[in-house]
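**Student:** What follows is each chain in one-letter form.
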Amino acid sequence: MTYEVLLLSGSPKEKKSTSYSLLQYLSDALEHKGIKSEILMLHVVSRNGSQIEELTRGLDTVGYVILAAPLYVDSLPGHVVDVFSKIAKIRGSVSERSTPRFSAILNCGFPEAHQNDLALEICKQFSRATGLQWMGGISYPGGPTIDGTPLAESGFRGRLARPSMDCLADLIARGEAAIGDCTESISKLVLPRRLYVMASQMRWKRLARANSVAKRLDDRPYSPT
Amino acid sequence: MKALVLDGRTEQTAFNDMTLATLVSVLSNQGYEAEVVALREKSIHYCRGCFGCWLETPGICVIDDDAREITRKMIQSDVVVYLTPIVFGGYSHLLKKQVDRSIGLVHPHFDKVGDEHHHRKRYDQYPCIFGVGLQRDSEPELASLFRTHIQRNALNLHSPSAGTVTIHSGMESEVIRRAVEDELESVVVPA
Chain A
1 MTYEVLLLSG SPKEKKSTSY SLLQYLSDAL EHKGIKSEIL MLHVVSRNGS QIEELTRGLD
61 TVGYVILAAP LYVDSLPGHV VDVFSKIAKI RGSVSERSTP RFSAILNCGF PEAHQNDLAL
121 EICKQFSRAT GLQWMGGISY PGGPTIDGTP LAESGFRGRL ARPSMDCLAD LIARGEAAIG
181 DCTESISKLV LPRRLYVMAS QMRWKRLARA NSVAKRLDDR PYSPT
Chain B
226 MKALVLDGRT EQTAFNDMTL ATLVSVLSNQ GYEAEVVALR EKSIHYCRGC FGCWLETPGI
286 CVIDDDAREI TRKMIQSDVV VYLTPIVFGG YSHLLKKQVD RSIGLVHPHF DKVGDEHHHR
346 KRYDQYPCIF GVGLQRDSEP ELASLFRTHI QRNALNLHSP SAGTVTIHSG MESEVIRRAV
406 EDELESVVVP A
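These protein sequence lines map, in sequence, to chains A and B. To convert, note that position 180 of the first sequence is 180 in our numbering; the numbers rise steadily by one, no gaps. Each number in our numbering comes from the position in the second sequence (counting from 1) with 225 added on.
It should be emphasised that the hints constitute simulated quantities derived from the structure, not laboratory data. Some clues are possibly wrong.
To be verified - Distance windows between CB atoms, simulated:
1. Glu14/A <-> Asp290/B: 18 to 24 Å
2. Arg345/B <-> Ala173/A: 43 to 49 Å
3. Val261/B <-> Glu31/A: 48 to 54 Å
4. Gly148/A <-> Arg345/B: 34 to 40 Å
5. Pro415/B <-> Asp219/A: 19 to 25 Å
6. Glu14/A <-> Ala246/B: 41 to 47 Å
7. Asp290/B <-> Val213/A: 20 to 26 Å
8. Pro224/A <-> Ser268/B: 22 to 28 Å
What the hints assert, rightly or not - No more than 30 Å apart at the CA atoms, straight line, and that leaves these computed lysine-lysine pairs for DSBU-like:
9. Lys188/A <-> Lys346/B
10. Lys215/A <-> Lys267/B
11. Lys89/A <-> Lys267/B
12. Lys33/A <-> Lys215/A
13. Lys188/A <-> Lys337/B
14. Lys16/A <-> Lys86/A
We put the beta carbon where it would ideally sit given N, CA and C, even for glycine.
When you get a sec, could you build the whole thing from the sequences and use the hints?
**Tutor:** Listed below in structure tokens is the structure:
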């Protein structure tokens, strides 16, 4: 591995995800500062033991690791837990290992940023168990407002996420540790909360209509007969 | 009353086999008909994040594997037990992927619960959640996170009640039994 920053995407939606949008923007911002990075898709890594070993070895060659992941039922997606567990097992059996810095960006569909807190705490415990240096977490509520649109092209919708990613790139370039200054902008919704919730409901209805299931959204297929 | 034990253990040892047997015994003594599902023996794929369970086949995951049937059993139970090693304060990947795959039990729309938004109910009634976390050594910080995880999941699943007990390998079997009994009694299934 020849890059300095390892970017891990925890979304199985590949390039059509908010996680990837954030990481691609960050990767571009780092490149402008002369810092090489690479984005790895953890759902692909999770299917292949040799890729997990390669990823784990890679942790010894990079200075900074950043996970971007969607919130799945209050915490990390199952495949991310799987990869993290295997990394911890491999690194736990190694006596000499490097200690790259590690941060995580969690995005959720809820309008409240604090709903990501538990997942970020789990990331902190992962870094503790694997000998990474926990630099802090970034919480992004209302993630579906981006939903795979490249962040650089997301206009109004990405206006609060971009400053945080720029801040993170600056911080990494300067070799600074604390990410606190980068967390605030992205933790706010681009719309008032009530408006965001209304827009969210309208979006689900529109997508359901497109799939011809608008009248079945309330189905209860597992009700006892 | 029905109890569904989702056994998310990644390894079987004599100690955690004994814990499972104790758990089933306590459930039986408290009037539950318990069914244990060993998740490691099931074919369960990871959630794709496609929202097909909301937008294509509402309430049913579009991936046709064992997670569908387990999800059906979850909503038709009075209590669902999450039995898992505590991994970084959370669940094992085996349990987490089943929990991820059960998101169709709730509705895509939001409702306000207290000062937070959560997904709206799809069903009238939801199971209580009882978390049983396994640790090699006592690690209170991780046990506390696990408790928070269960509470958060219970909130999002509209569970009427939830409880959590943490078991570590230094505990005597009788201590484990009492801990499970006491915590399970605090889980109140609606009449």
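**Student:** Against this structure, judge whether each hint is valid.
**Tutor:** Status of the hints after comparison with the structure:
| no. | hint | in the structure |
| --- | --- | --- |
| 1 | Glu14/A <-> Asp290/B: 18 to 24 Å | 21 Å, holds |
| 2 | Arg345/B <-> Ala173/A: 43 to 49 Å | 44 Å, holds |
| 3 | Val261/B <-> Glu31/A: 48 to 54 Å | 52 Å, holds |
| 4 | Gly148/A <-> Arg345/B: 34 to 40 Å | 25 Å, violated |
| 5 | Pro415/B <-> Asp219/A: 19 to 25 Å | 23 Å, holds |
| 6 | Glu14/A <-> Ala246/B: 41 to 47 Å | 43 Å, holds |
| 7 | Asp290/B <-> Val213/A: 20 to 26 Å | 22 Å, holds |
| 8 | Pro224/A <-> Ser268/B: 22 to 28 Å | 25 Å, holds |
| 9 | Lys188/A <-> Lys346/B | 26 Å, holds |
| 10 | Lys215/A <-> Lys267/B | 33 Å, violated |
| 11 | Lys89/A <-> Lys267/B | 23 Å, holds |
| 12 | Lys33/A <-> Lys215/A | 51 Å, violated |
| 13 | Lys188/A <-> Lys337/B | 18 Å, holds |
| 14 | Lys16/A <-> Lys86/A | 26 Å, holds |
Of the numbered hints given earlier, the model fails hints 4, 10, 12; all others are met.
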